[in-house]
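Chemist: Could you build all of it, start to finish, from the sequences and the hints given here?
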Amino acid sequence: MDKLNIQDLLQKYRDGSINSEELALLETWYLQWQPEDLDVSYEELLAVKEEVWQAVAPLPANTTRIRLWPGIAAAASLLLLLSASTYYLLRTPTRKPETAIVNSPASDIKPGSNKALLTLSNGKQIALTDVQNGTIANQGSVVISKKTNGQLVYGTSNTGSTADEILYNTITTGRGGQYQIVLSDGTQVWMNAESSITYPVRFLHEERKVVASGEVYFEIAHNENQPFKVMSANQEITVLGTRFNVNAYADETAISTTLLTGSIKIRNLISGKSSLLIPGQQSTIIKDKDQISIKKVNAEAAISWKNGYFLFDGQDIKSIMKTMSRWYDVDVEYNYHNTSERFGGTFSRSSNLSEILHNLEQVGHIHFNIQAKKITVTD
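Here the working numbering is used: the first residue of the sequence shown is 3, the next is one more, and so on.
Hints are not guaranteed to be accurate.
Claimed, not checked - When the alpha-carbon atoms are kept at most 30 Å apart in a straight line, the in silico BS3-like pairs for lysine-lysine are as follows:
hint : residue 1 : residue 2
1    : Lys-375   : Lys-291
2    : Lys-297   : Lys-275
3    : Lys-291   : Lys-324
4    : Lys-376   : Lys-324
5    : Lys-211   : Lys-320
6    : Lys-211   : Lys-297
7    : Lys-117   : Lys-376
8    : Lys-308   : Lys-112
9    : Lys-14    : Lys-117
10   : Lys-289   : Lys-231
11   : Lys-148   : Lys-211
12   : Lys-297   : Lys-267
13   : Lys-320   : Lys-376
14   : Lys-297   : Lys-117
15   : Lys-126   : Lys-297
16   : Lys-211   : Lys-298
17   : Lys-267   : Lys-324
18   : Lys-376   : Lys-112
19   : Lys-291   : Lys-211
20   : Lys-211   : Lys-112
21   : Lys-324   : Lys-289
22   : Lys-267   : Lys-298
Claimed, not checked - Listed next, with one range per pair, are the computed distances between beta-carbon atoms:
hint : residue 1 : residue 2 : range
23   : Asn-225   : Tyr-170   : 16 to 26 Å
24   : Ser-123   : Lys-149   : 13 to 23 Å
25   : Glu-357   : Thr-172   : 31 to 41 Å
26   : Thr-137   : Lys-289   : 38 to 48 Å
27   : Thr-121   : Ala-303   : 54 to 64 Å
28   : Gln-190   : Val-133   : 13 to 23 Å
29   : Thr-121   : Lys-231   : 13 to 23 Å
30   : Lys-126   : Gly-152   : 16 to 26 Å
31   : Ser-273   : Glu-226   : 21 to 31 Å
32   : Thr-121   : Ser-19    : 57 to 67 Å
Simulated from the structure, these hints should not be mistaken for laboratory data.
Using N, Cα and C, we set each Cβ at its ideal position, and we do this for glycine too.
Modeler: And the structure:
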């Protein structure tokens, strides 16, 4: 693209007349920009970056425009965030991969899917992927059904025991799995890969309590007379009715809870200290520590996984590959030493792994080698 066209696109960007295709072209140039190309300021590049980021950022639930992948979003998925290290990448010619290993169909790895294991109160296990739609089990006065959309739903049965015995079920997703559940009170639960939740089939007493690990998103059915509690590692969350996300993976050093609507109380079970969250805030508890830290975040970004995409915002490659490992069920090894390099962008969770890795190779000083279910990351 010649300098005249770039100047024209930049002028259109300034006066707000640029269309989505032109903005995608400008973004492509932006990723390959060199200081000698044009007299373009760093501040102007930041403005272009912000415009593109807003185009692919998650939108409120009541907004109809949510098509992230066509057109501009395809170009924007390559976006590098302008930290000190990524600014260096923009000022230095990007080294292209010498090989195209991640593009080889034979090496490709499919994304995860709806699959989970249900453990009933008697210890019987049911692979939810394998069972037909319809009723799959009865637990006391509760009937458990698998719906055509893949949801597992707990409803009241007209037959069966009505005794006050509390029966517990557990659902577990492995690497490459996710699942959605509707509990007996109407609470909706979305589970990410490598996650689990244990819960009573009916909430009989003064509180509704579940235990969660991994990453789980909740939309709690409101009941002011029966608070809902989520236990995870050394954290307790108390709510009445709200939407929030819990990230409590065993291999992470902290538990993060992000609130979208309503209000929740976070309690550190080591110290007994508690804090209230308001929408748009995220609490963090370092495991084995007695403190709770709170910060303002993009709450919708925290549930991008639930909405079908990955959103990375200035993350290092080990953090990104940990997410890839869970969803694509792969192991990762590193011979990579640039710990300061940061990446950002938006990618569909339905993409094959090679597509995402190829995009990362195009914008960073990094390579990936796929061998069966193992990924090796190199400089």
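Chemist: All hints, please: hold or fail.
Modeler: Status of the hints after comparison with the structure:
{"no.": "1", "hint": "Lys-375 to Lys-291", "verdict": "35 Å, violated"}
{"no.": "2", "hint": "Lys-297 to Lys-275", "verdict": "17 Å, holds"}
{"no.": "3", "hint": "Lys-291 to Lys-324", "verdict": "23 Å, holds"}
{"no.": "4", "hint": "Lys-376 to Lys-324", "verdict": "13 Å, holds"}
{"no.": "5", "hint": "Lys-211 to Lys-320", "verdict": "34 Å, violated"}
{"no.": "6", "hint": "Lys-211 to Lys-297", "verdict": "26 Å, holds"}
{"no.": "7", "hint": "Lys-117 to Lys-376", "verdict": "21 Å, holds"}
{"no.": "8", "hint": "Lys-308 to Lys-112", "verdict": "18 Å, holds"}
{"no.": "9", "hint": "Lys-14 to Lys-117", "verdict": "47 Å, violated"}
{"no.": "10", "hint": "Lys-289 to Lys-231", "verdict": "19 Å, holds"}
{"no.": "11", "hint": "Lys-148 to Lys-211", "verdict": "23 Å, holds"}
{"no.": "12", "hint": "Lys-297 to Lys-267", "verdict": "15 Å, holds"}
{"no.": "13", "hint": "Lys-320 to Lys-376", "verdict": "14 Å, holds"}
{"no.": "14", "hint": "Lys-297 to Lys-117", "verdict": "34 Å, violated"}
{"no.": "15", "hint": "Lys-126 to Lys-297", "verdict": "42 Å, violated"}
{"no.": "16", "hint": "Lys-211 to Lys-298", "verdict": "27 Å, holds"}
{"no.": "17", "hint": "Lys-267 to Lys-324", "verdict": "29 Å, holds"}
{"no.": "18", "hint": "Lys-376 to Lys-112", "verdict": "13 Å, holds"}
{"no.": "19", "hint": "Lys-291 to Lys-211", "verdict": "23 Å, holds"}
{"no.": "20", "hint": "Lys-211 to Lys-112", "verdict": "35 Å, violated"}
{"no.": "21", "hint": "Lys-324 to Lys-289", "verdict": "19 Å, holds"}
{"no.": "22", "hint": "Lys-267 to Lys-298", "verdict": "16 Å, holds"}
{"no.": "23", "hint": "Asn-225 to Tyr-170: 16 to 26 Å", "verdict": "20 Å, holds"}
{"no.": "24", "hint": "Ser-123 to Lys-149: 13 to 23 Å", "verdict": "22 Å, holds"}
{"no.": "25", "hint": "Glu-357 to Thr-172: 31 to 41 Å", "verdict": "34 Å, holds"}
{"no.": "26", "hint": "Thr-137 to Lys-289: 38 to 48 Å", "verdict": "40 Å, holds"}
{"no.": "27", "hint": "Thr-121 to Ala-303: 54 to 64 Å", "verdict": "32 Å, violated"}
{"no.": "28", "hint": "Gln-190 to Val-133: 13 to 23 Å", "verdict": "20 Å, holds"}
{"no.": "29", "hint": "Thr-121 to Lys-231: 13 to 23 Å", "verdict": "21 Å, holds"}
{"no.": "30", "hint": "Lys-126 to Gly-152: 16 to 26 Å", "verdict": "21 Å, holds"}
{"no.": "31", "hint": "Ser-273 to Glu-226: 21 to 31 Å", "verdict": "28 Å, holds"}
{"no.": "32", "hint": "Thr-121 to Ser-19: 57 to 67 Å", "verdict": "59 Å, holds"}
Going through the hint list in order, the structure does not satisfy hints 1, 5, 9, 14, 15, 20, 27.
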